[in-house]
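Chemist: Sequence:
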Amino acid sequence: MTLKHAVASGLATALTASVLAQVPLTERSALERALSANFDLQVEALTPQIAAQEILVEEAAFLPSAFAEANYEDNRKSQNSIDFAALQQRLFEEENVVMRGGVGGKLPWGTTYEVSLQMRELDNSVNRSGLPNALFSPEFDAFGGITLRQPLLRGFGKAANLANLRVARAQLLITERTREIMVNNKCVEVLNAFYDLAYAEANVAVKQSAVGVADQFLNETNRRRELGMLSPVDVSEANVRVSEANEELIQARDFLRERQLEMVRLLALPTSASGVTSLPTVDAVLLESAPVFSKAEFFPAALEARPDFQLARERVGQESIRQAAARNEALPQLDLHFSYGLYGLAGDYGDAIDRAYSADEPQWSGGLSVTVPLSRRDGRAKSQAAALRLRQAELRVDQLEERISIEIENAVSRLEVLGQRLATARESVRFAEEGLNLERARLENGQTSGFAVSELQRRLADSRTRELAARVDLTKAVTELHSVSGRLLAHHGIEVTRDDSAATHRGLNIMAPFDALMQ
Numbered sequence: 000m001t002l003k004h005a006v007a008s009g010l011a012t013a014l015t016a017s018v019l020a021q022v023p024l025t026e027r028s029a030l031e032r033a034l035s036a037n038f039d040l041q042v043e044a045l046t047p048q049i050a051a052q053e054i055l056v057e058e059a060a061f062l063p064s065a066f067a068e069a070n071y072e073d074n075r076k077s078q079n080s081i082d083f084a085a086l087q088q089r090l091f092e093e094e095n096v097v098m099r100g101g102v103g104g105k106l107p108w109g110t111t112y113e114v115s116l117q118m119r120e121l122d123n124s125v126n127r128s129g130l131p132n133a134l135f136s137p138e139f140d141a142f143g144g145i146t147l148r149q150p151l152l153r154g155f156g157k158a159a160n161l162a163n164l165r166v167a168r169a170q171l172l173i174t175e176r177t178r179e180i181m182v183n184n185k186c187v188e189v190l191n192a193f194y195d196l197a198y199a200e201a202n203v204a205v206k207q208s209a210v211g212v213a214d215q216f217l218n219e220t221n222r223r224r225e226l227g228m229l230s231p232v233d234v235s236e237a238n239v240r241v242s243e244a245n246e247e248l249i250q251a252r253d254f255l256r257e258r259q260l261e262m263v264r265l266l267a268l269p270t271s272a273s274g275v276t277s278l279p280t281v282d283a284v285l286l287e288s289a290p291v292f293s294k295a296e297f298f299p300a301a302l303e304a305r306p307d308f309q310l311a312r313e314r315v316g317q318e319s320i321r322q323a324a325a326r327n328e329a330l331p332q333l334d335l336h337f338s339y340g341l342y343g344l345a346g347d348y349g350d351a352i353d354r355a356y357s358a359d360e361p362q363w364s365g366g367l368s369v370t371v372p373l374s375r376r377d378g379r380a381k382s383q384a385a386a387l388r389l390r391q392a393e394l395r396v397d398q399l400e401e402r403i404s405i406e407i408e409n410a411v412s413r414l415e416v417l418g419q420r421l422a423t424a425r426e427s428v429r430f431a432e433e434g435l436n437l438e439r440a441r442l443e444n445g446q447t448s449g450f451a452v453s454e455l456q457r458r459l460a461d462s463r464t465r466e467l468a469a470r471v472d473l474t475k476a477v478t479e480l481h482s483v484s485g486r487l488l489a490h491h492g493i494e495v496t497r498d499d500s501a502a503t504h505r506g507l508n509i510m511a512p513f514d515a516l517m518q
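If you're matching positions, the sequence shown starts at 0 in numbering that gives the first Met the number 0 and goes up one per residue.
Any given hint might turn out to be false.
To be verified - Mimicking EDC-like on lysine to aspartate or glutamate, the simulated pairs with C-alpha atoms at most 20 Å apart in a straight line are: (1) LYS185 <-> GLU432; (2) LYS105 <-> GLU53; (3) LYS185 <-> GLU479; (4) LYS185 <-> GLU494.
What the hints assert, rightly or not - Each pair of labels, with its calculated beta carbon distance range: (5) GLY445 <-> ARG264: 51 to 57 Å; (6) GLU93 <-> GLU360: 20 to 26 Å; (7) SER374 <-> GLY346: 23 to 29 Å; (8) SER288 <-> HIS491: 46 to 52 Å; (9) VAL102 <-> GLN383: 27 to 33 Å; (10) ASP282 <-> MET228: 25 to 31 Å; (11) THR111 <-> TYR71: 27 to 33 Å; (12) GLU494 <-> GLN383: 42 to 48 Å; (13) GLN52 <-> ILE145: 16 to 22 Å; (14) ARG264 <-> SER374: 54 to 60 Å; (15) VAL369 <-> VAL56: 40 to 46 Å; (16) TYR71 <-> GLN391: 55 to 61 Å; (17) GLU408 <-> ARG264: 49 to 55 Å.
What the hints contain is simulated information worked out from the structure, not anything from laboratory work. Backbone N, C-alpha and C fix where the C-beta goes; we use that ideal spot for every residue, glycine too.
Construct the entire structure; sequences and hints are all you get.
Modeler: Now the structure itself:
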């Protein structure tokens, strides 16, 4: 799987340049940069390619292979009394040259086949040139034929012989789902950091506004003190509020710096030659109210869209394949074997082949072979273990389905709660503004103190910060809902596709002649 062209290196480079030029990041540009620069995703991108090569390895087991071999024999053995009487040779000598070649392979049903040609040159004490009873001088023979072996129990059928290939194909899908999960999780992490940075920037603006209000109030207090309308205590209270507001501004700026550095880490932004990193800013749109959703809009589609749920299903299929293979391994070995060929004997290779081709001397054989282990403990244990692993995989699917249902219900309910929180925070801001205006009017009439006004100024600043935090949390909650329902990438216009090189090796290339039989 690879991200589409939108996450290509050219765009990533352009994005880096824009960040360094202090162009604010958008949600989309932050995601593109993070997904293209993240080392974990780059490492994981190689896993499907490795799995694709494993498929090729398993497919190769069904490809025919050519073989050739040559052997030279030089034998000398003393004859017993019977052989000596027949051959009049005390020492029997022979020098043989054996050459053999052909093509062999295996079929998806477990059938092994071999088509071969064997030629021998036999030179011994019986046929050696000059002997009166020599049949050929020298003696050549040729044999060409086919040998088949078909398992009838263990090793029979596609379930047993294609198990490794099917497991490898399933593993490719699993690695692709794993990549999707990593991409989704990385998007959630980046978006949460993005909104945290948006909060930090807006909070600095809120604290700066509070400092301005505190400075303005201090100036008014000093003017009224000079006119004799306020006491020195009121001036002290105004100075305290200015100090508090500046302290809160410093803390907000420090939090902003931390959020900027976190975004630098997630986006892997480069540093300048002097080692200075340009800190990013964001252009974020925070929600003003809670969208209205229902669980029914998300849950059924989530079971098809969530990559972790699809991965769990694919693991069930993978374990089913392994269980079928394990059952077959527990059976006894019962094989049917058959061979047929043509034999020719002459004084040279050419004549020997011609005589074999004439089919005057056909040879064939057939039979059964059986192997039964004295103890079936090993096979039974493997079969039971495979069945238990399959049950584990099925339970994980059920568990994940229940968890997805709970996560979606919680995410939808949380939107409602956060919407109520935002409405309450807005009310708090409105009440704090009204209370501050009334208290300042009272101060002008000498009916209250500067301390009361300063306290209301602080409450107003805190209320605005809480309102901002409520908007950020509401926006992050929508991200969470899209994530748990499997819609996050589509919502932000990012498509993740399978790597072409991996998709090529799904058994539709070199195994094309057998692919219909292997399904």
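Chemist: For each hint given before, does the structure comply? Return the numbers of the non-compliant ones in rising order.
Modeler: 1, 7, 8, 9, 10, 13, 15, 17
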